[in-house]
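Student: What follows is each chain in one-letter form.
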Amino acid sequence: MPKDDYIATIGLEVHVQLKTNSKMFCGCAVKFGAEPNTLTCPTCLGLPGALPVLNGGAIERTILVGQMLNCTTPEIVKWDRKSYFYPDMPKNYQISQFDLPLCVGGGVPLYDLAYPKEAQKNIANPGKSVELTRIHLEEDVAKSTHHSDFTTIDFNRAGTPLMEIVTEPDIDSADEAAAFLGSLRQILIYSGVSDADMEKGQMRCDVNISVRKKGTDELGTKIELKNLNSVSSVRKGIVCEIDRQIGVIDSGDKIIQATWRWNDELGITTLMRTKENADDYRYLPDPDLLPVRTANLVAKVQAILPELPHQKVARFEEDFQITHYDASVLASDGALADFYETAAKGAKSPKKVANWVINNLLGELKERELEIGDCPIAAEKIGSLLDLVEGGTISNNQAKEVFVELFESPDSEPAEIAKAKGFEPADSSEVDGFIDQAIAANPGPAGEVAEGNDKAANFLTGQVMKLSRGKANPKQVTEAILAKLRA
Amino acid sequence: MNPAELSISQLRAAYQSGDLNPADAINSLTEAIVAKDDAIGGYLSYDTETALAEAAAADISLPLGGVPIAIKDLINVKGHPASCASKILDGKYTAPYDATVIRKLREAGAIPFGRANMDEFAMGSSNENSGIKPCKNPHDLNRIPGGSSGGSAAVVAANTAIAALGSDTGGSIRQPASHCGVVGLKPTYGRVSRYGLVAFASSLDQIGPLTKSVEDAALLLEVIAGSDAKDSTCLDEPVPKYSEFVGQDIKGLKVGLPKEYFAEGLHPLVKERVEKAIQYLESQGAETVEISLPNTEHAVATYYIIATAEASANLARFDGVRYGHRTSESPQDPEDNKLIYHYKHSRAEGFGDEVKRRILLGTYVLSSGYADEYYKRAQKVRTLIRDDFSNAFEQVDVIASPVAPTPAFKVGEKSTDPLAMYLADIYTISTNLAGICGISVPCGTVSEDGSDLPVGLQLLGKPLGEADILKVGAVVEAGQKS
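Just so you know, the protein sequences line up as chains B and H, in that order.
According to my numbering, the first sequence holds residues 581 to 1067 in order.
According to my numbering, the second sequence holds residues 714 to 1195 in order.
Check before you lean on any hint, since a few could be wrong.
[What the hints assert, rightly or not] Below are the DSS-like pairs computed for lysine-lysine, each with C-alpha atoms no more than 27 Å apart in a straight line:
| id | chain 1 | residue 1 | chain 2 | residue 2 |
| --- | --- | --- | --- | --- |
| 1 | H | K943 | H | K964 |
| 2 | B | K662 | H | K1093 |
| 3 | B | K662 | H | K984 |
| 4 | B | K611 | H | K1089 |
| 5 | B | K611 | B | K697 |
| 6 | B | K658 | H | K1089 |
| 7 | H | K1089 | B | K662 |
| 8 | B | K662 | B | K583 |
Quick caveat, the hints were computed from the structure, so don't treat them as lab data.
Nothing here was measured: the structure is a model prediction, and the numbers come from that model.
So here's chain B without its partners, still in its complex pose (with noise of 0.2 Å):
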């Protein structure tokens, strides 16, 4: 059968590390690549008799998270221990949250520009947002090495908050599953308490993926994909693990729940284990902590709820009359919507600023390998340098030359720059008289202007452009010469 025949149901588990300072139950450090176990205290070792004290900054952060995310908050929440055994969890129980997590419900809607490129032109789900089953929160685990015949373990991780958001199983292509993480990261760093790096792994993603033939209803048996270290990790994995389950259903074999591991060398899923017995984490309320309610983080939480990306985006394109796109674009980083909106703030044309805040700005921060929160530039600036162009003070091109200017002294003002450069408007007595003087030697095409030509017009203010050695404002010089040859 052809792969069209059959329909791909996906649900992701995503674990994201929180940024705060101190780990989930105890006060050590969070911090990456401080020296192997040097972070680490009794509880974070699962010592005999160390017990967890909860860390009040991580559940906050979560449920901002979840307020973002519309998600609802339990009036009470716990902690459950889940237990398995694995040496790099020293206790062999996990403290996590089991039927009364922090977060339940809510989505993330799926951005335009967090699909793949080639992708964007074609979503098959346009507004689409992908339903969450709930957000817990949890702490990591150790960090394994496995060496040739040995394995370390480095305890400086064990502990770190770390924050499971799960979906449901509303996902239907490698693409929309770009699509999630990308929004996901893009309302987490929004929200502050991650940088949620894949490739850091401040952000982990296991995939659960089955297919099942159109027109059916019942969802097709269930495959974990493991080993997923980036976006496009996740993306190929799925696409793979779609292929081969279509090809083993269509040769005739059932799927067996299984888990599976991407291998990114190879392109290729491998058979990690089958899960024959279902695993039993026993999970136990934990009696080391207590329940907590809720009702107050919450309001507290209302309270500093940041805006979504989704909501900048319509509040820019309202505010400053700008399209889609180009919000879009400015509201991807939190850092770059904050530049634009202080730079557009008082414009005279936030559109302008729009543009060039995306075509010239960014190309400049790329060429100098720059991120926008390192812009020499205050945001302010680039907003009166474009009030210049648009008072006709000078030209698109000058600007272009004031730009670079202040990037080599970013405390100037651009009008000194522009006066220090000699630009000035045509209306000064100097331009009037390049303009009589173009006049005069271009008899021909002043009467082409005088009978309405445009295009002659454009050829005399080159003429005074030439003249005034590029230093006029050709718009301006334009208006005046129309005044003078119309009138």
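Assemble the complex: chain B is given as a structure, and chain H must be docked to it using the hints.
Tutor: Chain H alone, transformed into the frame defined by chain B:
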């Protein structure tokens, strides 16, 4: 004056008068241990040298300045072994940190001295489950001292300690105190920090004192009680000066007598001693009221589900990966998973039978498909038991009862019948399920086979009602002397 035989308050007085100094106490205890403890088995280890160094630096002006305290082997003292009387840790684990109670003891000037024997991981009522060596009752070496804090009770009774800390999960302080004829107090759940106490059943465990007098129990509790940022279940409530309640009168105080605790199964002579002590309380102005704790019959079953469920998770960490016993065997079959093999064999070799039995039971009651039927149901019954006490305390100030149905039994008498052993905890278990406080105070002896075996009176108090039970306990104690 033999310092080892003194109580905390007597020793403090001798320090103040200059008759004794802390080194005298350590030396005297060491002599007593050398003389008696081989037969009793109350200590798993002790370190005279370190204690003498601490004695030399002791500030006797502090509340417990220079007072040596024996510590049950499951409370972490930095630099001391903490084996929990288990082969899985014995000789293979030294505590790298101080429990909060130890920090508080040190701040009060006390000297942690000696690791008291116990049932392995606090699982047992006779100390026969010690994975290291048995502990005997100093009043009759053929009998058990009780458990699980059997060592703590025995060393205080034998005058090989001034006082001791134990832990009580279902009676583990009160029952050995009763059998050994010392005072043992289990504080309200959350009154004392559990940080550094190796957990058996986290929602039931409390650390408490075992002492030679009610006043000593009050003095120790004053020091170890109070809030702790490291234990979320520890209550942030002010700590009364408990010792001031010792000696106060009990006129008009209402004492409840739960009819279920005086029913069949109670040894007639134990009953008689307990009733005599209650009569004395009446003679001192207390009013007795019969009450009912109707869910008593469900307590043992409820306890063994909740305690073992928690224990199965708490004891999962003893896997020989980073510390403790690790098997020297390796799989013969190349198909065997090495890691699973390591876990199975290290734990099978390290844990004793009773610990294994409880881990298995706890694992079973939490298993998928059984958790609702057992664990969740037990939690509901626990609420009913708690309600029984809340209702009772609307009528009375304290509850009086026996601690154990019989005096100390003979070594081996019940060790083949776990259920009989579990049922002997019937009067003490509900206290922990309800989270209230209780004390065992000696109220006489029963003569058996030529030995005078101590009997304790149990007094139960409201949540944070330690002052009440200490006050009544002191009256019982005075009655014994009169």
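Student: If a hint holds in the structure, say so; if it does not, say that too.
Tutor: Each hint, compared with the structure:
1. H:K943 with H:K964: 40 Å, violated
2. B:K662 with H:K1093: 22 Å, holds
3. B:K662 with H:K984: Status violated; Cα separation ~46 Å.
4. B:K611 with H:K1089: 39 Å, violated
5. B:K611 with B:K697: It is violated: about 34 Å lies between the C-alpha atoms, which goes past 27 Å.
6. B:K658 with H:K1089: The hint holds at about 15 Å.
7. H:K1089 with B:K662: 16 Å, holds
8. B:K662 with B:K583: 39 Å, violated
In terms of the numbered hints stated before, the structure departs from hints 1, 3, 4, 5, 8, listed from lowest to highest.
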